[in-house]
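Residue numbers (the working numbering), protein chains in the order written: chain R, 528 to 830; chain W, -5 to 351.
In case anyone wonders, no lab produced these hints; they're calculated from the structure.
Source: prediction; values computed, not measured.
Some hints could be false.
Said to hold, decoys possible - With a cut-off of at most 27 Å between alpha-carbon atoms, the simulated DSS-like pairs for lysine-lysine come out as follows: (1) R/Lys700 / R/Lys636; (2) R/Lys768 / R/Lys604; (3) W/Lys97 / R/Lys821; (4) R/Lys636 / W/Lys10.
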Amino acid sequence: MAGSISVSGRNVRRYASVRAATGESPLARRILIFVALAFLALVIGLPLVTVFVEALSKGWAVYWASLTEPDARSALKLTLWTAAIAVPLNTAFGVAAAWAVTKFQFAGKRLLVTLIDLPFAVSPVISGLVFVLLFGAQGWFGPWLAQHDIRVIFAFPGIVLATVFVTFPFVAKELIPVMQSQGTAEEEAAVSMGARGWTVFWRVTLPNVKWGLLYGVILCNARAMGEFGAVSVVSGHIRGKTNTLPLHVEILYNEYQFTAAFAVSSLLVFLALVTMIAKSVMEWNEERTEREAKRVEEESHEH
Amino acid sequence: MSIEVRGLTKTFGTYKAADNVSFHVPTGRLAGLLGPSGGGKTTLLRMIAGLEFPDSGDILLDGRNVNGSSPRDRGIGFVFQSYALFRSMTVFENIAFGLKVRKKSKRDIERRVAEMIELTGLGGLERRRPHQLSGGQKQRVAFARALAPEPRLLLLDEPFAAIDAKVRKELRIWLKDMIRKVGVTTLFVTHDQEEAMEVADEMIVIHQGKVEQQGTPEEIYRKPASPFVARFFGETSVIRHPERIKGFERLTSGSQAFVRPDFVEVLEEGAQVPQREYEVATVLRVGFRGKHWQIDLELAGDTVTTDIDAGRTPPQPGDPIRVIVHKMYVFENGGGSVVERDVPSGTRRQLVQAFPN
């Protein structure tokens, strides 16, 4: 017990001396904090609140009706289906890519890493246009698709394709740094004990990155449901058919149905909040692990 | 299980990690691969484990060539430098892993893990995860995990590198006792000669991918086979011109010579010794080391380290002192030998210190 007291005492002292050396005067500090908070409230807090206030401005009944009218329901369904296909695909791709990039050396590795970033670098509208050029009526595969009566553009497959393209970096981008920092030592340990490839992957690699993976999946999902630009280009905005939630919001807004527009928006904002909470939980988890490790280390030094 | 390595070579780009390495470790032996960092020791260990594959050469375990076999078929246990414990598993699961991948029954696994926990004194920590363990505990888990599947060969890569100096000493003794108890053939890598000397029955000194010498710690200490070993193992000082030291005039100039502190006797102030026997050296530094005073002195243009009993009055830096060099390790024309000084006839006298031969 005495040990832990002296540890915390030491920490307090260290903390205090750091503050003394690098700190600003109390007034400057308060002003800085105020400016930061005010800016946040104005740029992020206010719009966020507006969404919910506007959505509920005509009461819960109207709010509920806006969400359950057929076009909204169809948009929600389409969005969920798109995400249900895009997210697992990109999860599988992201895990495979991160595994390949961090655990192996091979020719073309740099190219792969650069390609993973591509969707982030390209404007979503361009991403959508690429698919129109490929699969549209005048596109490369257009005539062949028309002959076989397959619709890609202005239909569900196009929306899924555009969404997959735009969201494919998320999982890989989350996993690569985590896997890189973990190295290959644990995998080698597993191999030295006789484990084979799949066992190593399922029992060692995957559990070690589960938080990073989860966060990548959540980010990927948030973007898959929220993507506007690329989907807007390929969807064709057919009400009740090829409208996703974000596109539905735009239509409602253009038709001056503000309450309904905000009501549907509130779904997407809610999704964003869940995403942020998941991120915080993940970070909190990691910090706790680190704190615990440090405490054990210090205790073992005391004895 | 006996290990035999024949002509093992491995290069990474331009770096030669192993250069025609051959050695043999008989069954039941506790052997250390010793050498400076970056000398290729870890690569050798990894090749024996099957985590790395040699460019050429053979690895024989119990006389069986295992060049093409996977780690799974080699029957080895490996303890990694930073332990590489599975961070998402508990202590119990870590130790059980090797048994699980071998499809042992649940009851067998539980029994064996309990045995290992008992053996390594990890009782009560079964449910902890690696980040909740101290360095010493982690090492015990790594050791238990490697031994659980009953390997016939245990490989350890710098097993004490990640541990506090204070705990390290304790763990060395613990590990040595443990390996004795289990009776498994063991090969470990270290850059720390004190550690090698304390733990190993047999040492293989590796430098720049080559075997410099193999033998017991005592053999290597007493008869270093190369200038590198003389410099690396135990404390030595270089004598560039041994032929200028009294008693060694017969040596040819250009041979490399080394002395250990106990080869150089510092004469007491009043000692009556004929002048043709001693050299006069200048004291550079004096430092207290507990059992003795360490004295760095300048002798025939070289800095030489020696020591005197803690009970004697130490000289001061700058003082001239009289010393007698009794022995040297001399290397010439590719061969090495321990050379005693010529004792002028009729002047034999009792030495102040006793010298090991």
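Violating hint indices (sorted, rising): 3
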